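This is what each chain is made of:
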Amino acid sequence: MYQYSESDQTLIEERAAQFKNQTRRFLDGDMESEEFQQHRLRNGLYMQKLAPMLRVAIPYGMLSSNQLRKLAYISEKYDQGYGHLTTRQNMQFNWPKLEQVPEILEQLSSVQMHAIQTSGSCIRNVTADQFAGVAGDELEDPRPWAEMIRQWSTLHPEFNWLPRKFKIAVSGSDHDRAAVKVHDIGLKLVTKQNTTGFQVWVGGGLGRTPIIASEIKPFLDKEHLLTYLTAVLRVYNRLGRRDNKYKARIKILVKALGPETFADRVEAEWLTLKDGPDTISQVDIDQFKRCFSHPNYLNLKNEPTKTLASTDAESRAWLDHNVLPHQKTGYAIVNISLKNLGAAPGDITSEQMNLVAELADDYSFGEIRVTHEQNLVLADVRQSELLNLWQKLEKADLATANLGLISDVICCPGGDFCSLANARSIPVAEAIQSQYQKIQEVVDIGAVDINISGCMNACGHHHVGNIGVLGVDKKGQEFYQVSVGGNASEQTQLARILGPAFPAEEIPQAVDRLVQCYRQYRLPQESFIQTFNRVGIEAFKVAAYPGIAA
Amino acid sequence: MKKLIRPESLTSSTVMISAAEQTSQTYLTLSDYLKLEETALSKYPVLLEPDVDIDDIYQQLKPLSLIALNFPSFYDGRPYSTAAILRQRYNYQADIRAVGAVRVDQLNQMYRCGFSSFEISDDQLTDTRTAALQFFSSGQQNKISDEPALANHYQQPWSKAWAEPNSMIRL
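Same order as they appear, the protein sequences are chains A and P. Its first residue numbered 1, the first sequence is counted upward by one per residue in the working numbering. Its first residue numbered 551, the second sequence is counted upward by one per residue in the working numbering.
Derived from the structure by calculation, the hints contain no laboratory data. Fair warning: there could be bad hints in the mix.
[Claimed, not checked] Listed next, the stretches of chain P that the computed footprint assigns to chain A, with coverage defined by at least 3 CB atoms under 8 Å from CB atoms of chain A: (1) 617–627; (2) 633–646; (3) 662–676.
[Said to hold, decoys possible] So the derived label-pair ranges between C-beta atoms look like this: (4) LEU580(P) - LYS475(A): 48 to 56 Å; (5) ASP603(P) - LYS77(A): 46 to 54 Å; (6) SER110(A) - SER592(P): 49 to 57 Å; (7) ALA396(A) - ASP603(P): 53 to 61 Å.
All figures in this text were calculated on a predicted structure; none of them were measured in a lab. Yeah, the Cβ is synthetic: ideal placement off N, Cα and C, and Gly gets one too.
Based on the sequences and whatever the hints tell you, model everything.
Dropping the structure here:
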């Protein structure tokens, strides 16, 4: 895992000190609230319904056990004993006091963490594949590149006041687990004549106007990554709309100019920057790659599946669904689901954080990853230890065997916490999850992504859910619009709205009617999304609104 | 009242607060400037709005010893790119001035993008505010190897005279 250099450390300490000064000036009435708002947002601090919300950056989802312990400590001391993992691999605290935020930042900086650029109209925390470095289908580890982007984008002097927020994701595998096509810039590592480079996608995004990104560069030589990103950002910074915040994302600019014209503008800008000072040398590439070298794996043999699956049905289900194959023989990737019934999706208590930190130390080289599906990963577990690990997770309600299954619901904090929300999302998630608790049934239904957002800002990524649920406000009443057919993977698809919105109490049944529709129409081995793509939306419309002619 | 602050000399990036001078500079709009017969002899500097495409007009501005860029609001980020383009693409070596909604907390970013003087309201220059200038000792686009690859080229590389690495403005 990357360890901070002295200048990284100095920077986050200085930003924490600067923010302390800004907060004091605001509280003393020496900084107008409009100005403080921009500075606090650029430091991850929102003013929410009940208390401020602080969003802590977890760059490309990598955490050390000590960092997780620190997050546990912060949630105990300054919050209500839990944290919430977001769909951008960050952790949010919902209950800090404004006056204490500078102190929290000092605590974070003691373990190489911060909240810089987790909000505001700037380049946000960079995200990547949670299985980077261990995925079997990986072409190249995206993390060295994500780390370069992190350093390049942190307090970038030219791009700190963009028209709107800006999100970059990097994927190193054919199977896209980083949702690159719904990011402002999505980078996919690809090969050409035995060298790796980047396929560059621009202008994707969810929110009010969901758009799938356009490819603007099929192959970018890797040494030009930062000059090319500079060119994209500069074109956007100069030409992006600033008159209407709903039209200010880069996706609107790309659409207005047309992807080809946009690509031409970027190319022209890039030619003035290419081979300039931001060109990445081979020395740097090697250096960054060394920061993400493999841990000291033992030379092991794969465990026969039989010996692993010898115990009861629950551990069997967990092995089947939450444990994935690893690049290295004898090892496995373990997913820890934070989607057990009774807890809000993505929430984790301080006790659980401390336990996961301990398990990471004992079983997985002291590292943890956060996924954009709001779960955790222990990426390097010896296969022979899997059942021991399962027993310890099980005791802490952390062994829910539902990764990628219907009860693994992705959900924003919604109207319970967020002042932007039109409706609550956590109770809806719980109501849906509660009807899928029998493991045999959940396994029979198979892979279904349900995504729930409390408003059109789409933090729950409802546009790319196989089933998407969006909270809307109808004359002060909470209603929910249901859409079907979204897909966040490399075959990115946006979900289509089925019809009129449902009141909250009807949502679980409506979702279940869609699930039963799939079961009725599916062919052997066909997943929900495959059936949807084959059968089309009409059958699902009929199922969703029984008694109404389609 | 407006004050003008600038690095105290071209060999140092330090600004002493005593160096801040009162200013009531008059600027020409771009259209008025372009109406002049001999633009090079203009009595007043030109003030560019952020929607001006610097690539379209740079050749006409080239002789000027000062180009001022207006910040209509403190969160308008366009002038940062304009300044960076003037320095990086056109190697413009004369003064680039930030005018308008200039806030102390952003001087460091402006400076690193190539601004070399700042017209700023008196009320921004209180002790608690100017303390905000002292937080960043170096650039952020840092390098981890000894090779200067990911080095921060926004650290005034365009001006050899100012080429003090890791420099910053101090009031």
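How the hints compare with the structure:
no., hint, verdict
1, 617–627, "holds (count 4)"
2, 633–646, "holds (count 4)"
3, 662–676, "holds (count 3)"
4, LEU580(P) - LYS475(A): 48 to 56 Å, "holds (50 Å)"
5, ASP603(P) - LYS77(A): 46 to 54 Å, "holds (52 Å)"
6, SER110(A) - SER592(P): 49 to 57 Å, "holds (55 Å)"
7, ALA396(A) - ASP603(P): 53 to 61 Å, "holds (59 Å)"
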